[in-house]
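Here the protein sequences come in this chain order: V and U.
Counting from 1 along the first sequence, just add 158 to a position and that's the residue number in my numbering.
Counting from 1 along the second sequence, just add 26 to a position and that's the residue number in my numbering.
It should be emphasised that the hints constitute simulated quantities derived from the structure, not laboratory data.
Yeah, the Cβ is synthetic: ideal placement off N, Cα and C, and Gly gets one too.
One or more of the hints may lead you astray.
Claimed, not checked - For the chain V half of the interface with chain U, some residues (derived, Cβ under 8 Å), not all of them: (1) HIS221; (2) ASN224; (3) LEU226; (4) ASP311; (5) ASN312; (6) ASN328; (7) THR335; (8) TRP338; (9) ARG380; (10) GLN381; (11) GLN417; (12) GLY421; (13) THR422; (14) PHE436; (15) GLN437.
As the list claims (entries may be wrong) - Partial selection, computed: residues in chain U whose CB lies under 10 Å from chain V: (16) THR102; (17) THR104; (18) THR109; (19) ILE111; (20) ALA112; (21) PRO282; (22) GLN340; (23) GLN417; (24) ASP424; (25) THR428.
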Amino acid sequence: MSTTSTQIGVGRAESRPTPARRSFWTSRRRDHLAGYLFITPQLLGTAAFVLIPLVLVVWYSLHEWNVLAGTFTYVGGENYQSLLDDRNLPAVLRATALFSVGLVTVNLSLALLLAVLLHQRLRGTMLFRTLFFSPVVVSLVAWTIVWGFLLQDNGGINAMLRLVGIDGPNWLRGEGTAMWSVIVVQVFKNVGLNMVLFLAALQGVPSEIYEAAEVDGAGRWRQFWRLTVPLISPTILLTSIITVIGSLQVFAQIAVLTQGGPGTATTVLVYYFYQQAFQFHHFGYGATLSLLLFVIVGALTFLQWRMRRRWVFHES
Amino acid sequence: MKRKVWAGAAAALVGVLALSACGGGEDASSGPVSLRMTIWSANEAHLALFNEIAEAYIAAHPNVESITFDPIPFETYTTALTTQIAGGNAPDLAWIFESSAPDFVTSGALVPLSGKLSSVDGYEYDDLAEAPLSLWQHDGELYAYPFSTSPFGVFVNNDLLAAAGQPTAAELVAAGEWTWERVIEAAAAVHAATGKAGLVIRDFDYRNWDNLSTFFGGWGARAWSEDGSQCGFTAPEMVQAMTTLHEAIFDKQALPGPGTNADFFAGEAAMTVTQISRASLLEDNFAWDLVPLPAGPAGEYAVIGQAGLGVLRQSDHADVAVDFLAFFTNPENSAKLAQFFPPPRQSLLTAQTLAKTNPKLTPEQLQSVVIDGISTGVVKPSHAGAAEIAQEVRAALDPLWTPDADVAAVLADVCERIQPLLAD
Numbered sequence: 159m160s161t162t163s164t165q166i167g168v169g170r171a172e173s174r175p176t177p178a179r180r181s182f183w184t185s186r187r188r189d190h191l192a193g194y195l196f197i198t199p200q201l202l203g204t205a206a207f208v209l210i211p212l213v214l215v216v217w218y219s220l221h222e223w224n225v226l227a228g229t230f231t232y233v234g235g236e237n238y239q240s241l242l243d244d245r246n247l248p249a250v251l252r253a254t255a256l257f258s259v260g261l262v263t264v265n266l267s268l269a270l271l272l273a274v275l276l277h278q279r280l281r282g283t284m285l286f287r288t289l290f291f292s293p294v295v296v297s298l299v300a301w302t303i304v305w306g307f308l309l310q311d312n313g314g315i316n317a318m319l320r321l322v323g324i325d326g327p328n329w330l331r332g333e334g335t336a337m338w339s340v341i342v343v344q345v346f347k348n349v350g351l352n353m354v355l356f357l358a359a360l361q362g363v364p365s366e367i368y369e370a371a372e373v374d375g376a377g378r379w380r381q382f383w384r385l386t387v388p389l390i391s392p393t394i395l396l397t398s399i400i401t402v403i404g405s406l407q408v409f410a411q412i413a414v415l416t417q418g419g420p421g422t423a424t425t426v427l428v429y430y431f432y433q434q435a436f437q438f439h440h441f442g443y444g445a446t447l448s449l450l451l452f453v454i455v456g457a458l459t460f461l462q463w464r465m466r467r468r469w470v471f472h473e474s
Numbered sequence: 027m028k029r030k031v032w033a034g035a036a037a038a039l040v041g042v043l044a045l046s047a048c049g050g051g052e053d054a055s056s057g058p059v060s061l062r063m064t065i066w067s068a069n070e071a072h073l074a075l076f077n078e079i080a081e082a083y084i085a086a087h088p089n090v091e092s093i094t095f096d097p098i099p100f101e102t103y104t105t106a107l108t109t110q111i112a113g114g115n116a117p118d119l120a121w122i123f124e125s126s127a128p129d130f131v132t133s134g135a136l137v138p139l140s141g142k143l144s145s146v147d148g149y150e151y152d153d154l155a156e157a158p159l160s161l162w163q164h165d166g167e168l169y170a171y172p173f174s175t176s177p178f179g180v181f182v183n184n185d186l187l188a189a190a191g192q193p194t195a196a197e198l199v200a201a202g203e204w205t206w207e208r209v210i211e212a213a214a215a216v217h218a219a220t221g222k223a224g225l226v227i228r229d230f231d232y233r234n235w236d237n238l239s240t241f242f243g244g245w246g247a248r249a250w251s252e253d254g255s256q257c258g259f260t261a262p263e264m265v266q267a268m269t270t271l272h273e274a275i276f277d278k279q280a281l282p283g284p285g286t287n288a289d290f291f292a293g294e295a296a297m298t299v300t301q302i303s304r305a306s307l308l309e310d311n312f313a314w315d316l317v318p319l320p321a322g323p324a325g326e327y328a329v330i331g332q333a334g335l336g337v338l339r340q341s342d343h344a345d346v347a348v349d350f351l352a353f354f355t356n357p358e359n360s361a362k363l364a365q366f367f368p369p370p371r372q373s374l375l376t377a378q379t380l381a382k383t384n385p386k387l388t389p390e391q392l393q394s395v396v397i398d399g400i401s402t403g404v405v406k407p408s409h410a411g412a413a414e415i416a417q418e419v420r421a422a423l424d425p426l427w428t429p430d431a432d433v434a435a436v437l438a439d440v441c442e443r444i445q446p447l448l449a450d
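With the rest of the complex left out, here is chain V (with noise of 0.2 Å):
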């Protein structure tokens, strides 16, 4: 629409003889306006609520607030400090870590698993789509929350194991197990979402790619990982880096399920700034310690978008 527009005002142009002034408002720069007035409502939406809380939150972090009393002073550096000098940090670095490699691992393995098997033609696939994406669409908080019953040490989970013969574990009492347990309720709540986007790319490999591999004899595990793995490698890049900002943002399933213990075992980054500013009431050192989660992400997701042209077979 704009090309055609640009040309008809050109044309126009062109028939007079002599133009004394070309009008400030060209075809082009009632395009840009046209334009930005469309995302002016998205523009004001992000400064309202991502670049001047941003700002705001680095502000924060120079100060020491004291919501009940009141006062708000500048301490300079003392909460960046502080970062290095609190000894529960790596503790929960080394949970936020663990979260993050699990989930990613885990979620994206099942949820190309899944694709793939349910790529198939096969009766009732539609059936199996539909309970793997069901979790997505659930409230977070309320299928957190069934799952906090069932991983109670006497909770659904244990009775079933005893119907076997295994007493299980106490799942979100255990060092051990807690981060795992929360590990894998999240995966459940969100693998649907990811096999989506596989089968989706799945689906846009051309058959006789897989015709051609099979006549020059590529058996199934050589063409998946030959064919299918490169030619969806943009959308396990787009998974993996949704997937590795998701984890690291994780709170109400840790709120919910075990409120960062037993211990520090499942305190991540996320709840420890939660814990920090709004129940210690430190807003200055949780304002620091959520800049350094913006960090981290930003630092990731830059460094998945950078080893894109290594792995990523090729882009559109």
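Please arrange chain U on chain V, whose structure you already have, making use of the hints.
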């Protein structure tokens, strides 16, 4: 076509501007007054009584349009309240836990009350007992009114005790055997005989450890010294108490283990340690009794949970809010509130007076648990920076809740973690 594009863009912009215009607030200082009080109870009986008192106040004060009671979940109450304060959306009045009393009272977040309360006709400020007020005072000024000074007692399901061949709680009290040792024995017997839980320390849930003060108080143990500067978890009496508790949970199965829920009021446990305000949950579907906390090696003792009511300095109508607080807690309304929340008023702390508003409890139960408890009780642990200290203790105590825990080592770790915070 181009005109349509422009029209669409303009419509989108107008829409946004219209929406942003809708966000404009009204001037809070003009017009009729609306008050909001945050509370952590959503109990219908509690709310009905609060609304009844509020309606009486509104009827006598035409400038007050409405008084809203805003229940916030117990578990996240203080966090939600401080977030509201941080966001400039503080309530006019708020309940405050005893654990966070030092933070609120010393910070300047609350409006002083002594002057107003002592000057209101008929308030009878001198009737307030001195001991329950102390936690809520700073430099001689009262910053929150302890509307609930509620001792902990033990609700007992005598049907379950009988099913396990155990004497009733009253019989044990009469025989002078109402001790933690005997209670743990009875609780273990109930679990062995019925499969139900023996004893539940309500709201503890292996996280809210401050409720354990109702247990370790029997050994004379305290979480920290009276001045709050020294950790008490490594004291011999604390180690002894926690060792007894650990054995009761993991060896004798007298208490349900971590992650196992049992609700006394649904008939799932033989005994529960809690406050009398929970009596409203009783439905008379089993024979029950209320008795004081069992004696420990250190003898008889009592533990009190308190809740304060304060006016936030951020309130646009602090004067009206203080006036309503004075009405809400005057002698007449205190007598009504006493059915759920034992008041700090000495004139109301008699078995006969409390019995009028506590139909479920006998004068004997009220005397032994409430009145005697208030006169001798120790308030649950509180300290400046309570939330951070509580979190450190919770995290450090977690290793204790496993069968093969080294009790003394875990408690030593608790002190190592909280001593720097106590000293701050």
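- Among the hints numbered above, which are violated by the structure, and what are their numbers in rising order? 1, 7, 8, 9 and 10
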